[in-house]
Structure formats: structure tokens, C-alpha cells
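> Next come the chains, spelled out residue by residue.
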Amino acid sequence: MFDVITFRWDGEFALSILPQLLRAAVITLQATVVGFALAVVIGLAFALLRRGPRPVSWPVGFVVEFLRSTPLLVQLYVLYFLLPAYGIRFDAFTTGVIGLGLHYGAYLSEVYRAGIASVDEGQWEAATALNFGRAHIWRTIVLPQAVPPMVPAFGNYFIVMFKETPLLSAITVTELMQTAKIIGARSFNYVEPYTLVGLIFFLMSYPAALLVNRLEARLARNR
Amino acid sequence: MGFDLVPILLRGLDVTVRLTLTSAALAFVIAIVAGLGRLSPFAPIRFLAGAYVEVFRGTSVLVQMFWFFFALPLFGITLTPFVAGVAALALNIGAYGAEIVRGAIRSVPDGQIEASIALNMTPALRMRRVVLPQAFVLMLPPFGNLLIELLKATALVSLITIPDVTFQGVALQQTTGRTTEIFLWLLVLYFALAYPMTLAVRWVERRASAYRKA
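Residue numbers (our numbering), protein chains in the order written: chain A, 236 to 458; chain B, 2 to 215.
Same shape as in the complex, but just chain B:
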């Protein structure tokens, strides 16, 4: 069953997991900043955040990744493959995340905001103590789904020469020709990472809806 292939694939899987975690952390920060930006009282900030979200959601991740990797050097900015890959993944997923943040914050009931104004809270305190904690619960399940999308999207970095698990698989396929075993292992490894995440998201979803009903 090609167990001898596994150590090489696992080395690639390590890169896949690192890429996923690094991009996820960055995408989370970007999503919060851009999501809050779209709700800002200042029109120029709203416009900038909106333009960022629409541009990165409106074009394809692969196009963005190739642009960062192949086109930016011609402007004098050369990124290593890893940085180009993380930048494209984080900016793309961050744009989707920003919409989740915006939706979750807007779904906090008006009464909560009015009450905190009545209690003389500053806007920052209101956001930190009242709005974000309630919005965060709503964000969790869609963020989980986005994390799974991100994990799957990391396979694209193999096309800009990052040795992730897909890259290792394709390289092995070309050198050994053991096509069936290699691709089956690839699918199994991705499934083994993604499916527990799917189950976790469903669990959180059930908990979150129970919380909302309570």
C-alpha cells in the first residue's frame, strides 16, 4: 500500500499545516481589521475596506498567488515562495472573513448597543465588552468553515514551488510513477486533516445555536 511513500508525504504535510496555521492567523487579523473598517463611521476607511474585500473576493486565489509571485518582482518586490503563498492565501481568506465579521457585528441587537450608550461606555469599551463577545460566538462556525477552505486552498502553493504535500505527491509521481498509491495517500491525508475539522465545526454550530436559544 505504499507505506514507504508516507515519510516523504508527511514532510510535505508539515509544510501544509504550517502554511495553513500561518495564513489563518494572518487572515484572522486582516478579517477583524477589514470587517471593522467596513463598519467605520469614516467614509474613506469604509471605502478602502470595501475595495479590498471586493477585489480579493472578485478575483481568483490562484491568480492572486501568481500575481504576487511572478508579477511583483517586476515592480522590484521579490517575495520568497512561502511569503507570496501566505500573502495570497491570507489576503484572500481575510476578505471572506471580513464579511463574516461584518455580518456578525451587525447581527448584535440594537438594544445592546443602546444600553451600553446609556451606561456611558466609550465606543471602544462598548465594542470590546458588549459587541465583540456576542459577535464572536456567531463568527465561530463560519470561521471554522473558512479554515477548512483555507486548508484545501493551500494545495495551490504547490504551483509556486512550495514543497507542500501536494507538491511532494506530484514530484513522487513523476519520479516513481506509482500514481495510484501516491494520489490515494494524498486524498487520505487531506481528508484526515479536514474531516475532523468539519466535525468540530458542526459541534460548535450546535453549541452556538443552543447558546442563541438560551
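Extracted from the complex, chain A is given alone in its bound form:
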């Protein structure tokens, strides 16, 4: 059996491509952080608009459902191929980050919605009775109470988004996956680059997942 399945791993080659992959990992992290920052803002905007009057909430609700029901890859293609056709030009990285921000913004808007709904009705009534303005109520009463329970969900989506960044390779962003593809095509060696990419993803996302779990446990205990 072992003459058919030959286990080959070129340690020297793996070591030689590691610096290049680690540099690409920085791009992956940048895309994740910027994409997530966008998603946090877009998600809040979606969540607030969905609470508005029907002519606003209905179309926004449709956009959110649409973004959640279609694949990120297709959305990235749309941004990448369609926007330039209408004269809007971004570089691949910016396009990818916008795609991540919109897709996960739609997911995060649901997290916001649940968080806002969890704030007790009495808080609104008390704030209104004290004659606080709407903006004031949101800023000082509702959001400070709504956000902490959302943190673990945000953390989970952050990790999910991190693991989705390889899709940006499809629109030529030279993050980890694209770099591994380039190395593979150049050397005809796919085992080491792809295995290292998997390893790098695991070594970053697994500790992050443990951290989110601990955070979740602590929040549950405090309540």
C-alpha cells in the first residue's frame, strides 16, 4: 500500500516559502480587520434602518435577505466585474474588503437586532420619561446595554470572516491563498504551500475561537 501512497514533504522547500506566506498572512489579516470594521458599521446602519418606517425598512430588509442568501464569491465577482462597467474603479483589495463588509454587515445586522431587542422596554420608557432625546437614548442608554451581549457573536463572525478571506484570491488579491497558488504554479509543488496555508489558518483561528468561548462563558456567568 505504501508504494502507492508515498508521503513526501520537503522541509527545506517549506521553510523557504514560509517568509513569503507569512507576509501574505499580513494581507489576510488586514483584509479581515478592515472588512470587519466595515461590517460593524454597515451592520449597525442596516439594523437601524430596518427599525425605520416601512418605505425604508422594507427595501433594506430585502437587501439584507438578498446579501445573506447569495454566495460571497458571486457577490465578489459582481463588485469586481460589474462596478468597473459603470465607471467605478477600485483595486482588488478594496473591492474584496467592500464585499466582505457588505456580506457580513448583513449577518451582523441580525446580531444588532437581537441585541437591541434584548434591551428592556422599561429602559426606553424611563429614558423617554426623563425627556432624553432619541439620539441621546441610543447613545447613552440602549447601545451600551445592547452591545456587551453581542460581543461573543461578533467574535464568532470575525473568525468566520477570517476563514472566508481566501475567496478574495478569486479576484486576484494576493492574500495567503493566492500566494500559495502562485508558489504552487511556479514550483509544481502544491503540498507544502497549501498545507502551510491550512496550518497558518488553524494556528490563528483556533486560539481565537477558544478566546471567544471563554469570553462567552464569562458573560454568561456575569448575568
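Since the hints were made in silico from the structure, they are not lab data. Hints are not guaranteed to be accurate.
Claimed, not checked - Derived contacts from chain A toward chain B, CB cut-off under 7 Å, selection only: (1) SER304; (2) PHE423; (3) VAL426; (4) VAL432; (5) PHE436; (6) TYR441.
Each residue gets a CB set at the ideal place from its N, CA and C atoms; glycine is no exception.
Got chain A sorted already, so can you dock chain B onto it with the hints?
For chain B alone, kept in the frame of chain A given last:
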């Protein structure tokens, strides 16, 4: 509105649906096996199931798919694109499913298990007659959500040359240049498949919570 493009895209959609169903069936079996494995009284089985779940949840589906398709042949195992795609999707979604199975089984009240021990049921009978039927109701809504995630994840197989609907769309875009129509159709087709599933999951969720309250 580019209706002439639809027959070609529908051919791709057929591949997408087949891929989704095949991977879903496989992922379901994997999820049950791995989920039960994580609750096994034998430590080595628990460890194996745990390692599988963490590795496949901790790395990216696309990386897994490329590994199966490009790296495995160098170990002497060559998979067809379809098999590599199904394997990566099923193993990835199966790992998430295993956590759902584990959570659902653990949420069956202890009293149920104690009662079935008192009734002298064997562990297998207890699992089949008492635990799984109750856990299954809890698993349905999250499994539904996972099925939607799976449907969307199948778009990735276009990158390993499986002619699914995304692959057909990109190929058409490159040959005809009718970018707007093609991508709008792609989005509409995915939405038409996924949104009814979302509505079905919400319906099941409402039914399941009514069942729990009753």
C-alpha cells in the same frame, strides 16, 4: 433581459443542486457519527472526533478543497473534481453539524436518561428511542441554516473546474462579455434557491419552539 442565457445557467444550477444534495447527505452522516463520537465514553474516540471537528472548523473550506484537489494527487491519490468538491464540502459542513448534534444531545434533560436507565434500557435503545428523537427536533433549525450555508459554499467548486452555476456564469461572462445580465441572473438563481429554504427554516423554528413549550 438575457433570457437566452438561462438554459446554460440552468444546466449549471442542476450541478449546484446535485452537489448540495450529495454533500448534505454525506455531511449529515458525518455529523451524526462525529457528534456521537465527541460524547463517547472512550477517550480515544472523543479525541479523534474532537480533532476532526477542530481541524475542519479551524481552516477554511477553500483551503481544504484546494488541498484535496491539488495536494492529494502528489501523495498518489487523485480525486475527480466532483469527488474533491463533495469531500471538502461534506467534511467541512459535517464538522459544524457535529457540534449541532453534540449540543442537541446534551440538551436532552438528564431525567429522561435516568428514567430510561431505570427502565433497564440498553444504551443503544436509550439513544434510539429516547435521546435521538428529542434531540432531532432541536437539530432541525440549525441543520436547515447549515444547508443554506452549504448551498452558498458550493459556489467555491467553480474554482476547481466543476461546471456549477457560478462556473457557467463566469465562463459566459468571459465569452459574451454580457456582465450585468449574467451576474444578475446568477444572484437571482441563488436567491430563488436559498430564500425559500430560509423561510422553511423559520417555519420549522416556530414549530420547534411551540413543541418545546408544549
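> State for each hint whether it applies.
Structure-based check of all given hints:
1. At a threshold of 7 Å, the smallest CB-CB gap from A:SER304 to chain B is about 4 Å, leaving the interface hint in force.
2. For the restraint placing A:PHE423 at the interface with chain B, the shortest Cβ-Cβ distance is roughly 9 Å, beyond the 7 Å limit, so the hint is violated.
3. Given the 7 Å rule on beta carbons, the hint for A:VAL426 holds: about 5 Å separates it from the nearest Cβ of chain B.
4. For the restraint placing A:VAL432 at the interface with chain B, the shortest Cβ-Cβ distance is roughly 5 Å, inside the 7 Å limit, so the hint holds.
5. Interface restraint check: A:PHE436 against chain B, minimum CB-CB distance 5 Å, threshold 7 Å, status holds.
6. Annotation: interface hint on A:TYR441 holds; nearest CB of chain B at approximately 5 Å, less than 7 Å.
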